[in-house]
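Q: Take a look at the letters that make up each chain.
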Amino acid sequence: KNEVEQSPQNLTAQEGEFITINCSYSVGISALHWLQQHPGGGIVSLFMLSSGKKKHGRLIATINIQEKHSSLHITASHPRDSAVYICAGNPHGGSQGNLIFGKGTKLSVKP
Amino acid sequence: DAGITQSPRHKVTETGTPVTLRCHQTENHRYMYWYRQDPGHGLRLIHYSYGVKDTDKGEVSDGYSVSRSKTEDFLLTLESATSSQTSVYFCAISELGQDYGYTFGSGTRLTVV
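In the order they appear, the protein sequences are chains S and G. Residue numbering for the first sequence follows our numbering, beginning at 4 and increasing consecutively. Residue numbering for the second sequence follows our numbering, beginning at 61 and increasing consecutively.
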């Protein structure tokens, strides 16, 4: 069983829709990361959070430590948001960088 | 200018040959990492470094070695490449206290034939 699970695996949306990607984890973590990987392959770090909520432009990330759950929301989605979104956690007591990665959610936004 | 660069971007090599991938950073970050990404597995940590000459193994370190003789460079070596090491390799950097997490390189696509 994966320690970091994402849902859905694949998501297709129409431009303008509100999108939610979920991430659940079964181990204690000190921080949770959301990453974006575009079709060209490059990986960009979107958020790192250990509590509460962060917002950057149309992207919002939330985390509920008690429920071991995080969500990534995209408001007013656009075709350029099409990418794979990956969540990853830093486990407590783990070495720096030993992130546990989810397998990603592939998002496709249609015009 | 990118704060982190990987070279080469693509490489095809034969089974049994040694291969070295280079990661170079201009951010002066303490931590550097090598990951591999394979379908169905996601990203997995190979080795990481927490300073010059300080390295440690990750989840999938067998068949790989690393070296960090300068803050800015982190080398990943496949001593004798095997087909199972065909993958996309990503380098990343981070620093304690930074709010934005990790910065990733553009990746190296390695094919072992």
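Hints may contain errors.
To be verified - Label pairs and their in silico Cβ distance ranges:
(1) S/Lys109 x G/Thr131: 32 to 40 Å
(2) S/Phe21 x G/Ser140: 26 to 34 Å
(3) G/Thr131 x S/Gln12: 33 to 41 Å
(4) G/Lys71 x S/Pro82: 27 to 35 Å
Claimed, not checked - From the derived model, a few chain G residues whose C-beta atoms are all more than 12 Å from chain S:
(5) Pro78
(6) Val79
(7) Gln97
(8) Leu103
(9) Glu132
(10) Ser144
(11) Thr146
(12) Val148
(13) Ser154
(14) Thr163
(15) Ser166
(16) Gly167
Bear in mind the hints are in silico, worked out from the structure with no lab data behind them. Quick caveat, the model's predicted, so the values are computed rather than measured. Beta carbons: idealized from backbone N, C-alpha and C, even for Gly.
Q: The structure should be examined with respect to each hint, and the outcome stated for every one.
A: Evaluated hints:
Distance hint check for S/Lys109 and G/Thr131: the Cβ-Cβ separation is about 36 Å, which falls inside the suggested range of 32 to 40 Å. Judged by the Cβ atoms, the range 26 to 34 Å given for S/Phe21 and G/Ser140 is violated: they are separated by roughly 51 Å. The hinted range of 33 to 41 Å is satisfied by G/Thr131 and S/Gln12, whose Cβ atoms lie roughly 39 Å apart. Look at G/Lys71 against S/Pro82: about 32 Å separates their beta carbons, and that is inside 27 to 35 Å.
The beta carbon of G/Pro78 is kept farther than 12 Å from every beta carbon of chain S, the shortest such distance being approximately 25 Å. Under the 12 Å C-beta cut-off, the non-interface status given to G/Val79 relative to chain S holds; the minimum distance is some 19 Å. For G/Gln97, the condition that its CB be more than 12 Å from all CB atoms of chain S is violated, with the nearest at approximately 9 Å. With a minimum CB-CB distance of about 5 Å to chain S, G/Leu103 fails to clear the 12 Å threshold, and the non-interface call is violated.
Listed as a non-interface residue, G/Glu132 keeps its Cβ farther than 12 Å from every Cβ of chain S; the least gap is roughly 17 Å. At roughly 19 Å, the least C-beta separation between G/Ser144 and chain S is larger than 12 Å, which holds for a residue marked as non-interface. Every CB of chain S is more than 12 Å from the CB of G/Thr146 (nearest about 15 Å), matching its label as outside the interface. Its beta-carbon lying about 7 Å from the closest one in chain S, G/Val148 breaks the requirement of being farther than 12 Å from that chain.
Distance check for G/Ser154 against chain S: the nearest CB is about 7 Å away, which does not clear 12 Å, and the non-interface claim fails. Not every Cβ of chain S is farther than 12 Å from the Cβ of G/Thr163; the closest lies at roughly 7 Å, contradicting the non-interface assignment. Some Cβ of chain S comes within 12 Å of the Cβ of G/Ser166; the nearest lies about 5 Å off, and the non-interface call is violated. The claim that G/Gly167 lies off the interface is violated: its Cβ sits roughly 5 Å from the closest Cβ of chain S, which falls inside the 12 Å cut-off.
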